[in-house]
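Asks: Build the full structure now, drawing on both the sequences and the hints.
No gaps in the numbering here: position 16 of the sequence shown is 15 in numbering that gives the first Met the number 0, and each next residue is one more.
I should point out that these hints are in silico values taken from the structure, not numbers from a laboratory.
Being a predicted model, the structure only gives us computed values, none of them experimental.
Quick reminder that beta carbons are idealized off the backbone N, C-alpha and C, glycines included.
Hints may contain errors.
[To be verified] Derived Cβ-Cβ restraints for the label pairs, each shown as a range:
1. Tyr41 x Gly9: 18 to 24 Å
2. Leu12 x Tyr41: 28 to 34 Å
3. Lys14 x Ser38: 16 to 22 Å
4. Tyr41 x Trp11: 19 to 25 Å
5. Pro40 x Val15: 33 to 39 Å
6. Leu34 x Gly9: 17 to 23 Å
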Amino acid sequence: MNFLEVRVLGEWLNKVLCGDCVQIMQQMPSDFVDLVVTSPPYRD
Numbered sequence: 000m001n002f003l004e005v006r007v008l009g010e011w012l013n014k015v016l017c018g019d020c021v022q023i024m025q026q027m028p029s030d031f032v033d034l035v036v037t038s039p040p041y042r043d
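Replies: Here it is as structure tokens:
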């Protein structure tokens, strides 16, 4: 990992992002996310 990669990753760490998930994910660096956990649908 070079300095530029570290700097770019640092811009995405420890942030809460609000917006269209598809648009935001398209801006993320490649191989940035290893796992995503979401809430299952609950029957209310």
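Asks: Does each hint hold? Answer for all of them.
Replies: Going through the hints against the structure:
The hinted range of 18 to 24 Å is not satisfied by Tyr41 and Gly9, whose Cβ atoms lie roughly 36 Å apart. Taken as a hint, the range 28 to 34 Å holds for the pair Leu12 and Tyr41, whose Cβ atoms sit roughly 30 Å apart. Between Lys14 and Ser38, the C-beta spacing of about 20 Å keeps the proposed range 16 to 22 Å intact. The given range of 19 to 25 Å is broken by Tyr41 and Trp11, whose C-beta atoms sit roughly 30 Å from each other.
Distance hint check: the CB atoms of Pro40 and Val15 are about 23 Å apart, inconsistent with the given range 33 to 39 Å. Separated by about 20 Å at the C-beta atoms, Leu34 and Gly9 satisfy the suggested range of 17 to 23 Å.
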